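Number of protein chains: 2
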Amino acid sequence: MSASIRESRRVYLFDSTLRDGAQTQGVDFTAADKLALAGALDRLGVDYVEGGWPGANPTDDAFFAEPPHLETAKLVAFGMTRRPGRSVQNDPGLAALVQAKAPVACIVGKTWDFHVDVALEIPRAENLALIGDSLAYMASQKSEAHFDAEHFFDGFKANRDYALACLAAAQEAGARWLVLCDTNGGTLPHEVSEIVTAVQAALPEAALGIHCHDDTDNAVANSLAAVRAGARQVQGTLNGLGERCGNANLCALIPTFALKTDYEVGVDAPRLAQLTSVSRLLDERLNRPADPAAAYVGARAFAHKGGLHVSAVAKDPRTYEHIEPGLVGNERHIVVSDQAGRSNILARFSEIGLEVDADDPKVAALVEEVKAREFQGFAYDGAEASFELLARRALGQVPDYFELQRFRVMDDRRWNARGELVTESEATVTLEVAGRQMMTVSNGNGPVDALDKALRKALLPTYPQLESMRLTDYKVRILTPQAGTEAVTRVMIESAGRNGRWTTVGVSTNVIDASCKALIDSIFWKLRREGLKEPGVG
Amino acid sequence: MSASIRESRRVYLFDSTLRDGAQTQGVDFTAADKLALAGALDRLGVDYVEGGWPGANPTDDAFFAEPPHLETAKLVAFGMTRRPGRSVQNDPGLAALVQAKAPVACIVGKTWDFHVDVALEIPRAENLALIGDSLAYMASQKSEAHFDAEHFFDGFKANRDYALACLAAAQEAGARWLVLCDTNGGTLPHEVSEIVTAVQAALPEAALGIHCHDDTDNAVANSLAAVRAGARQVQGTLNGLGERCGNANLCALIPTFALKTDYEVGVDAPRLAQLTSVSRLLDERLNRPADPAAAYVGARAFAHKGGLHVSAVAKDPRTYEHIEPGLVGNERHIVVSDQAGRSNILARFSEIGLEVDADDPKVAALVEEVKAREFQGFAYDGAEASFELLARRALGQVPDYFELQRFRVMDDRRWNARGELVTESEATVTLEVAGRQMMTVSNGNGPVDALDKALRKALLPTYPQLESMRLTDYKVRILTPQAGTEAVTRVMIESAGRNGRWTTVGVSTNVIDASCKALIDSIFWKLRREGLKEPGVG
Chain A
1 MSASIRESRR VYLFDSTLRD GAQTQGVDFT AADKLALAGA LDRLGVDYVE GGWPGANPTD
61 DAFFAEPPHL ETAKLVAFGM TRRPGRSVQN DPGLAALVQA KAPVACIVGK TWDFHVDVAL
121 EIPRAENLAL IGDSLAYMAS QKSEAHFDAE HFFDGFKANR DYALACLAAA QEAGARWLVL
181 CDTNGGTLPH EVSEIVTAVQ AALPEAALGI HCHDDTDNAV ANSLAAVRAG ARQVQGTLNG
241 LGERCGNANL CALIPTFALK TDYEVGVDAP RLAQLTSVSR LLDERLNRPA DPAAAYVGAR
301 AFAHKGGLHV SAVAKDPRTY EHIEPGLVGN ERHIVVSDQA GRSNILARFS EIGLEVDADD
361 PKVAALVEEV KAREFQGFAY DGAEASFELL ARRALGQVPD YFELQRFRVM DDRRWNARGE
421 LVTESEATVT LEVAGRQMMT VSNGNGPVDA LDKALRKALL PTYPQLESMR LTDYKVRILT
481 PQAGTEAVTR VMIESAGRNG RWTTVGVSTN VIDASCKALI DSIFWKLRRE GLKEPGVG
Chain B
539 MSASIRESRR VYLFDSTLRD GAQTQGVDFT AADKLALAGA LDRLGVDYVE GGWPGANPTD
599 DAFFAEPPHL ETAKLVAFGM TRRPGRSVQN DPGLAALVQA KAPVACIVGK TWDFHVDVAL
659 EIPRAENLAL IGDSLAYMAS QKSEAHFDAE HFFDGFKANR DYALACLAAA QEAGARWLVL
719 CDTNGGTLPH EVSEIVTAVQ AALPEAALGI HCHDDTDNAV ANSLAAVRAG ARQVQGTLNG
779 LGERCGNANL CALIPTFALK TDYEVGVDAP RLAQLTSVSR LLDERLNRPA DPAAAYVGAR
839 AFAHKGGLHV SAVAKDPRTY EHIEPGLVGN ERHIVVSDQA GRSNILARFS EIGLEVDADD
899 PKVAALVEEV KAREFQGFAY DGAEASFELL ARRALGQVPD YFELQRFRVM DDRRWNARGE
959 LVTESEATVT LEVAGRQMMT VSNGNGPVDA LDKALRKALL PTYPQLESMR LTDYKVRILT
1019 PQAGTEAVTR VMIESAGRNG RWTTVGVSTN VIDASCKALI DSIFWKLRRE GLKEPGVG
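Protein sequence lines correspond, in order, to chains A and B.
Everything in the first sequence is counted per our numbering, starting at 1 for the first residue and increasing by one.
Everything in the second sequence is counted per our numbering, starting at 539 for the first residue and increasing by one.
Treat the hints with care, as some may be off.
Here are the simulated lysine to any residue pairs, SDA-like style, with alpha carbons at most 20 Å apart [claimed, not checked]: (1) B:695 / B:724; (2) B:798 / A:445; (3) B:695 / A:262; (4) B:853 / A:84; (5) B:995 / B:1068; (6) A:260 / B:732; (7) A:101 / A:144; (8) A:475 / B:1015; (9) A:260 / B:724; (10) B:1013 / A:445; (11) B:1013 / A:377; (12) B:853 / A:118; (13) A:260 / B:731; (14) B:680 / B:605.
Please keep in mind that the hints were generated in silico from the structure rather than gathered at the bench.
The model shown is predicted, which means the values in this text are computed figures rather than measured ones.
Kindly generate the complete structure, drawing on both the sequences and the hints.
Here is the structure:
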């Protein structure tokens, strides 16, 4: 069977997000997280889902006591070889594995002589017995037993014969897969290629897997190199989650196998189109921002910023895209910046649904204005809403919803009546809206919050649509001044409402003034998006 | 000369952080950022620093008009082949390159027939003339001219002869390096290996470079594969900054070459130990958090979480570390128990020159306070001055130089007498210093500047030492904005004076309050550093 596995082009995907990924500093999956992710991995078409380590912590015990029902993926429980001096029947770790409601067990064991000597501190022959006994026992209890050969590459370099003897012990005990682990992540692709080739030659009947870490930024390449050398199972995690620098990133490996090689994976085209959403699901569950630069699935993976690139992409996307973004459920994005030429800005117009005549002199003036403003410190490539407003204003498409005439913000730190030191912020705004002069005041949780509240108080009677909008992020950067010039503050504000999320930018020498500009842009964008064609029609 | 380059093991490092890295969405370097980073790259031992694209935007023009003085690295200006229908002497892009104060020019040109047809829309033979003319002209004007062969790998696959003809045109025109660019980032390592080998065979005298993008998460592996196939110049960026998924990450490539191969780079052991700090400098300049999972330089790259790994690492770090972290200026981090946290904090004390008795009960209290404050959002890792003050206060080593009793800051945006819209900030502070109550008021360039000036006005009569101190940077970050809990604002302030530069931190729900805390820490640190042992002795 194993020889036929190697001759086939089918590569089996083994996801370890819920086990090795859970080892990551700062990651604590709940049982609900694990259920949601296991289901998503199953629907994606992964072959094995490693759910955790029964006996190691209460979350994993709970997960394996009531495991998810998976359609096609096989659920895997992880454990280690029996302890020295215990029989397999009396080993608490193996007992927890047997009890776990999972058809597959994956057993990790030592294969580096240095580790046997220094970490286990047992004779090397005894380690071979631990491996053989444990795999034989699990093969008898489960439908499949896999062997994770810990530190295999370091072990092979240090003592080739011993490392191979460890694999042979697992193979003879009935292990379905021998998984070569680069546990410390320090092995380079050409070494992986040479060593996997040598292992395959030494153990021609073995079905080999590969498990890589990203400590030299080569985990994906190492996995590909191993497959090219004969491995047919690849372990990895969503978004490369994992201890230290992370594991091999399945969100990069899956589309590479599916779209760029003649290897076959269990992820067909409709499943592959879910990849971006499965990747984002992990970050949502971890309550962290997704990496915008991630291969294939990052928000920026198909973003085009340089002027020349953009004009070529407009002619034919293949000029600057290695794959069609929709194949992995991602999308193209044209950004605007200092680097942008005219064609870039024109492409961005059409993305926001603005059809313009390229020969219109207003357009040339707008291109110059964008460049001049970026030199001042505006950053439109992170602030699409402000860019859209700037463009539509230049084309006369933004009504004067209101005009801010004055604001005053006061921050007061003092002792209150109960003897506590408190800081209070209060903002007063004067503005004209729908022909009426409004003057309002509000306090807030800091000056920007107070200003935001005072603005809304003045505007809500005319524009009740603003009720649903809220500030979700606020970033400040001081642009380092050239010698002798005034420092400039750039504020970026993210807002959210029923129109999604949008970002605006304000620049000024005064941080409160910059914040106010970004706030006003945010409100204008919202009102325009709500379809208000003229001021004061709420 | 070229053949000897290939036979040598010396690999030349070409940094494009300031040019291709600047293409990244959300990245806008100021001229000051560029100067700081160019200097750091030079000190790190990079061979070429590509500073930007003269003529493309005002920032790059300003940079090349007054370029940094580099000790060993050569400064490179980037540009493209002449436009069709122009002579090299009349091409505005090449003119900007000639004017740029940089000894090296790097010229990008098309090598993929599809791009010549679809993007340039000129006859293929004419593109060869663009390349030859432009390289010959730059070779006559600069000490070196390099050729960036855009889309070389796609071009080679589509039309091998044409792609090679483009390289040959550049080579014959005198290009010092022919850099094979995987512009779309879609090429896999085994393809890079095959194609670079074929190019080297076709052009045996050529000195080849490699320029990779990370769209399949293989940019580092592709660069290594190219070097193994004969390339001797590697282009990349700090932290893999770059358009879409980024460029090849020099922070991974440099230590891999230096520590894991027999190739030689211009980064010796003392320079390599600066790598982590150069990597962090880039993120500081971009005001973004560093990637904790980055290979070699990430905060988590040598972190060990819990259990078996930790006890093995305690026996011998080589058990779970692929290199010694200090080689790249990084450090081991053990994430386990309160006990480990305590020894960690004690280690940080000795780092700032504070020798404490570990059994002193004050130390135990301080350890608890540091942990509680870090949980609130204080980040003492980036704010050594605040950490030192906190520690010395707990040990009774910081005099009460003054006590701030109240402040009030007002920001007022209104029309002035000349009909201009202006924003003014005014701060009032009440404080007790040397037994006297002082109340002062000042306006400023924004609320924090006003507050800073009012504080100094109140303190200068007592502490004239403060005259020499100034604010040099100010950063704001909102913590846990999505969590539904109250957002907390963290302000970091960098100050400078004759005692060097120091950074302090303040945390509050109110940005002005947080700024005030960081300001006061900064002043206290300065007064202590000036050797003032008791308050009011100016």
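Each hint tested on the structure:
no. : hint           : result
1   : B:695 / B:724  : holds (12 Å)
2   : B:798 / A:445  : violated (53 Å)
3   : B:695 / A:262  : holds (17 Å)
4   : B:853 / A:84   : holds (19 Å)
5   : B:995 / B:1068 : holds (19 Å)
6   : A:260 / B:732  : holds (16 Å)
7   : A:101 / A:144  : holds (13 Å)
8   : A:475 / B:1015 : holds (6 Å)
9   : A:260 / B:724  : holds (9 Å)
10  : B:1013 / A:445 : holds (19 Å)
11  : B:1013 / A:377 : holds (15 Å)
12  : B:853 / A:118  : holds (7 Å)
13  : A:260 / B:731  : holds (16 Å)
14  : B:680 / B:605  : holds (16 Å)
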